[in-house]
Amino acid sequence: MSFTVYPALDIREGRVVRLLQGDYAKQTTYGDDPLPRAQAFAATGATWMHLVDLDAAKAGGYTLTPLLAQIAANTPLKVQTGGGVRGRDDVARILDAGASRVVIGSLAVREPDRVEAWLQEFGADHLTIALDTRQGEDGVWRLPVHGWTETADVTLDELATRYAQAGMKHLLCTDISRDGMMSGPNVELYAHLSRLLPGVSVQASGGVRDVADIQASKAAGCGGAVLGKALLEGHLKLDEALAC
1 MSFTVYPALD IREGRVVRLL QGDYAKQTTY GDDPLPRAQA FAATGATWMH
51 LVDLDAAKAG GYTLTPLLAQ IAANTPLKVQ TGGGVRGRDD VARILDAGAS
101 RVVIGSLAVR EPDRVEAWLQ EFGADHLTIA LDTRQGEDGV WRLPVHGWTE
151 TADVTLDELA TRYAQAGMKH LLCTDISRDG MMSGPNVELY AHLSRLLPGV
201 SVQASGGVRD VADIQASKAA GCGGAVLGKA LLEGHLKLDE ALAC
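Residue numbering for the sequence shown follows my numbering, starting at 1 and increasing by one per position.
Mixed in with the good hints, there may be bad ones.
Listed below are the simulated DSSO-like cross-link pairs for lysine-lysine, each with C-alpha atoms no more than 30 Å apart in a straight line [said to hold, decoys possible]: (1) 218 x 169; (2) 58 x 78; (3) 169 x 58; (4) 169 x 78.
Read the hints as simulated data drawn from the structure, not as lab findings.
Sequences and hints are given; from them, build the entire structure.
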């Protein structure tokens with residue numbers, strides 16, 4: 001399986017930001033220049049990027065179609081993007097605006113029947129299922145929803161297996177405890193998922209700090225890694241990440 005580096009931009013009110021463990025009250029702003037940053041990703045050699053609509057993730061209704069169209073028109077990047085996807089028309093609209101893949105998160109936990117149907121309708125290569133997870137004291141990986149304030153009845157292993165049986169090809173999995181913490185990715189979790197889901201490209205998300213973390217994610221069987229805070233704050237250079 002090939003390995004893809006996904007430089008990431010999280011957008012809120014038009015600005016490039018990062019939240020600490022998904023908390024909107026703990027925001028760091030890095031600038032109001034998402035398009036030049038995307039162009040810089042492409043100039044460095046990236047083929048993909050990960051784009052998140054934080055406004056829509058909170059309120060629903062994807063708002064980044066103008067930016068997505070600009071990126072599509074001004075770079076050769078393939079874009080994986082989501083935030084606020086609530087229905088089939090959202091998926092179609094985002095793909096029509098130039099996305100290569102639509103990321104479906106909370107809806108994938110709440111309404112798997114609908115999302116399974118979209119895997120068939122739009123094709124599994126055009127959807128990334130995003131499951132944010134937190135490990136309980138009993139060792140079981142569970143799926144917090146509604147801003148990570150409630151927990152779904154189904155476990156990570158159960159739902160990921162269900163989607164794999166339905167044809168899922170791309171799984172983005174974030175260990176909530178590591179999101180924005182610069183503490184390294186949870187390679188044990190990703191190794192577990194890679195064993196559980198043969199044939200699925202698992203994307204490591206949360207905690208990636210340096211080239212060693214990317215190599216560890218690759219060694220754990222991941223098909224890619226999403227790079228956020230480490231790139232924005234200069235701890236990791238994109239050319240070095242792409243080289244490994």
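Open item on the list: Would the hint linking residue 218 and residue 169 be met if the CA-CA limit is 30 Å?
Closed with: Within the cut-off at roughly 17 Å; holds.
Within a Cα-Cα threshold of 30 Å, do residue 169 and residue 78 meet the stated pairing? Roughly 16 Å separates the two Cα atoms, so the pair holds.
**Report entry** Restraint status (C-alpha distance of residue 58 to residue 78 at most 30 Å)
**Finding:** The hint holds at about 25 Å.
Legend entry - Restraint status (C-alpha distance of residue 169 to residue 58 at most 30 Å): Within the cut-off at roughly 26 Å; holds.
Hint check: no violations occur; every hint is consistent with the structure.
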